[in-house]
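Can you build the whole structure from these sequences, using the hints too?
Protein chains in written order, with the numbering used here: chain E, 1 to 203; chain B, 204 to 417; chain C, 418 to 697.
These are calculated hints, taken from the structure and not from any lab test. Just so you know, even glycine gets a beta-carbon here, dropped at the ideal spot from N, CA and C.
Residues from chain B shown here face chain C by an in silico Cβ test under 10 Å; the list is partial:
#1 241
#2 242
#3 300
#4 315
#5 338
Here is what each chain is made of, one letter per residue.
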Amino acid sequence: MISTDPSIWVMAFFTIAITSLAFRDNPLAKFAEHTFLAATAGNLVTMAWRNVYNIGLQPLMKGSVIMLVPILFGVALYTRYSKEYMWVSRYPTAMMVGIGTGVTVRAFVEFQFIQQIIDTFKPLNSFNNIFFVATVIICLTYFIYSLTPKSQALEKSMSYVTRLGRYLMMVAFGASMANTVITRVGQYAGRIMFLLYDWLGLG
Amino acid sequence: MSIKIIRKTVPLVITFLVGLLMIGQWFLNVPSLDELATFLQQWGILIAAFAMGLGSVNIIIRSVHRIQKREGTDWLYAIWLLIVFFLFAITGIGFGPASSQYKYIFNTILQPLSATMYPATLFFLVSAIYRTFKIRTVEGGLFVIVSAIILLANAPIMSASLPFLVTLKSWIMDVELTAAYRAILLGIGLGAIMLGFRIIFGLETTHLGREEGT
Amino acid sequence: MAGKQDSIWIKLQHIPREILYILIILSMIVPLLRPMGLPITISPQTESLFDSLNTLEPGDVMLEFIDWSAGSMSFHEPGCIAVSFQAVKQGAKLVFLSSATEGPLMYELMLEKFQPVFDEAGYVYGEDYVYLGYVAGQETALAAIASDIRTAFSIDYYGTPLDEIPLMQTVHNYADYSMIISYTMGSPESFVRQFNTQYNVITHIHCGEMMTPTILPFWASGQITGLLNGGVGAAEMEVLNKRPGDAVKLTDVYSFSNILVFIFLLIGNVGFIMQRRMGK
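Listed below in structure tokens is the structure:
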């Protein structure tokens, strides 16, 4: 039974309007795009306000005067819209970037190097393990641009290795691309489920 | 000279000190350092929350300009944009995101739009696959053939009829792809660490914006 | 555009895109109206998540990051429901939180479907599960949550101070989290960095299939214990739970849509190869 709930009809309208964008640009799709942009920005502001109030303003009102510093830093971010005082926004930006970079970089060596390299040293006692280790080394070789071989024979054999590395990476990218299609299929199927079951009542 | 120090050098020093403190917290087991770093992380969260409003301010400024210009029907969309933005912002801040009012407008307006916007790129993807992915070279051939194998192996109707597809897909994903992406990740990791240290040591200043007038 | 005089091979490469799009939509409609219920193979990544959840003991605290947006709700929501069901079955306490802006409303939508499970298990809000809301700052916030959760949250989503919530009185930092799981289409690596790399907290990820290739090396090295691969992974989890739901319905869609995309790929390439052979 087709839905009589007005909100379901509005949801169906927006779903179809955005989908129509794939076929051709039209006023309905443009309307839906603007609505999306505005709603996303409004949602961002809502969520941001909760954090500002709970982490900054409430402690300040309870007597934690030190919180005035990050609050002023946060407000200072908006000076970027003034040509004369834009430089003031560099202070909070510098702090945010410093914290974010420090927090990310400090874990990188162990996270993306040590653990990964340890796991690459597999025992060479099976085809899969030998293939795995060889693939990692060959693909890494592809990224060495600064090596200058001392002989033509070495240069030629290096070119075979880098070409093999390229082939191995293309296999990985092909699988990656298929996974991207599968993701989008799964995501869009959710919308079709909504239209069929919730809107048209066919499920 | 002092203008340059205030406007450029001090921010770089802030990035350096704060970045070094965060890294120091990781490697040194000093309780006071831990406390200071955790405290600064809270500041980072608060400043990031303020930063979330920057995009909205930009949208408002641009929409006002479009309304002032009155070109074609563009300005009507800009008016609608501002209406929806303030509807969400005022409802969310006034009633709170947990309120039934906010949930209603979110579920009716933003949820279907967000749920369709990115998935709708499926159509462009399918069109690109059909028109662009042709076997012109060995690399292209490998790309297309492996894509085809993974697509079919992830179709239960095919994997039930041809079980070898599942074995092949598992081998491609768990051995070949993992190994190739590991090599790529090692390269990316190196670049990321270099960039991170360049930012902390002030060699990379793009995050501070333009230099003119400093 | 192919003209009337062009060979069949050129025409094969120029099927109007509108026809492709309509066929894709139909390939989704048909299996959703007539589900087939085909068998699903469980991957080792999903199995290791399931086995890890089975090591949870009553009173263990699991952090669940509701970081999906409406775009990936079709598989993240059933995945979260399936994982949470297993955790509740083990008697674990659940702390839900979000580092994505749509997370809070996605949590509310998920809770509408999951509340009956909480009710049946006798779970009470504040004692057995809690939702803390959204925190800004991405990886900085994660670092804060790992070292001291009260740095990021002073109240829960509904405004109750953390110290007044019975469950949160024993939850402070990484030492109190038995495991974490992130349902995200963003940066799953940041969760691994901040929880597993520094504090050895067991970390699970549920991401979209398109992110799985970049995450698999971390699962292979053991930095990620369990990995749900998008909709396929969510369906596998539902099968392991013996509670087939929306994710299992999606797998029927994959059967048709994947094969259709394969056919498009085939047609385009057959036309291209035959056209080249005929020397045009």
